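Hey, can you work out the whole structure from these sequences and the hints?
Protein chains: 2
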Amino acid sequence: MEISEKNQSFVYHFGEMGSKWGFNRTVGQIYALLVITDKPITANELASALSISRGNVSMGIKELQSWQLVHVSHIPGDRKEYYHAIGSVMEMANTVFEERRKREVDPTLSLLRNLLLESPTSDSEKYAQQRMQDIHDLLEMITNWAAELQKLSPEQLSTLMKLGTGVTKMLSVKKNLFSKNKD
Amino acid sequence: MEISEKNQSFVYHFGEMGSKWGFNRTVGQIYALLVITDKPITANELASALSISRGNVSMGIKELQSWQLVHVSHIPGDRKEYYHAIGSVMEMANTVFEERRKREVDPTLSLLRNLLLESPTSDSEKYAQQRMQDIHDLLEMITNWAAELQKLSPEQLSTLMKLGTGVTKMLSVKKNLFSKNKD
DNA sequence: ATAAAGTTTCAATATTTTCTGAAAGTTTAA
DNA sequence: TTAAACTTTCAGAAAATATTGAAACTTTAT
Chain P
-15 MEISEKNQSF VYHFGEMGSK WGFNRTVGQI YALLVITDKP ITANELASAL
35 SISRGNVSMG IKELQSWQLV HVSHIPGDRK EYYHAIGSVM EMANTVFEER
85 RKREVDPTLS LLRNLLLESP TSDSEKYAQQ RMQDIHDLLE MITNWAAELQ
135 KLSPEQLSTL MKLGTGVTKM LSVKKNLFSK NKD
Chain Y
-15 MEISEKNQSF VYHFGEMGSK WGFNRTVGQI YALLVITDKP ITANELASAL
35 SISRGNVSMG IKELQSWQLV HVSHIPGDRK EYYHAIGSVM EMANTVFEER
85 RKREVDPTLS LLRNLLLESP TSDSEKYAQQ RMQDIHDLLE MITNWAAELQ
135 KLSPEQLSTL MKLGTGVTKM LSVKKNLFSK NKD
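Those protein sequence lines, which keep their order, are chains P and Y.
Take -15 as the starting number for the first sequence in the numbering used here and just add one per residue.
Take -15 as the starting number for the second sequence in the numbering used here and just add one per residue.
Read the hints as simulated data drawn from the structure, not as lab findings.
Remember, predicted model here, so these are calculated numbers, not experimental data.
If several chains are the same, the list does not tell them apart, and a pair holds so long as it fits within one copy or across any two.
Calculated pairs, DSS-like style, for lysine-lysine (alpha carbon to alpha carbon, straight line, at most 27 Å): (1) Lys110 / Lys23; (2) Lys4 / Lys86; (3) Lys(-10) / Lys110; (4) Lys64 / Lys23; (5) Lys23 / Lys(-10); (6) Lys46 / Lys4; (7) Lys146 / Lys135; (8) Lys(-10) / Lys86; (9) Lys46 / Lys64; (10) Lys(-10) / Lys4; (11) Lys153 / Lys135; (12) Lys86 / Lys46; (13) Lys23 / Lys46.
Listed below in structure tokens is the structure:
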């Protein structure tokens, strides 16, 4: 399988960026190629298209499966496995967010929760714990919010995002609407 | 400088996670230590506290400065440089988001914009370009939205986040309020 | 049962990234 | 202008990570 020049630059770019996004170069390249290719691709085609070994493709696909980003299909009378990228770009983004949260935020939240259980025994520990508390609270708030946002439909999400700073106005409207109940 | 056991686990954890967050182990450890320590710390103290070489500290600090995360101060009559973490946890989070956007999203957006200028010459190129367009549009929407959110005060941001799915209700209210203008 | 057509594993190797420490550079005070 | 007290740089060493490719494994058809 040969790749057009434009697609090459996309694939290579994703390879380079991939490492910043939590997976290695070949995994990035494999995923990029699967994303921009309509029809499912076999492992051998991936290997030849990207000039990497068959074993490397196998490991890359395994990694992408652990990220829930690829899907395997079969063609009757053909034993090969055909891979393709799962879902719409929106779904991909959701999946990547979700997986990164699990790998990068959850362990930190859990560590912080443990450390915050014990009481500080000195002023410097007190300061440290206050900082940890702040980090914990912020991470938790963002995590919860992200979970809420993921419940919205793509349309609702676009509406919200395109609203931009308009959100602030709605916030103040809400505050005014309900403030009488609080006072 | 010696670190308490609890602070050790925090610092080591940040070292491990650091690599997932865009910097290496020692940079993560240095930053963690600066964040949970009230008083500014010298390079030599960092080196001994973390058992790393003086040169490594210098490089780590340089990296953190390029992320705009540390600040240098001086004590009169003392030539050493004293480092500490900049700002509140909220400000740190903002800075990290901002820097990561510059390093991880902006280059991709710019590549995609270029690739999307040319017209596709075949069906498969057409499909590829459609996917690229979708990725571009999503990244741009998220980027713009993040910029808007960063304009909000920490209080406004908390209010918004704690609102959670309540946002959806507000969206539908807004839709109803303004729909007569559209029909 | 066997062979063909595939996939996965993993030890060895290659590549990349990080770290050290000595040398070079900088700043300040006298 | 010199030297003391620092910081930075960078070549080489060490550590971590990614890649290959041959052997082991799996599945299916006959």
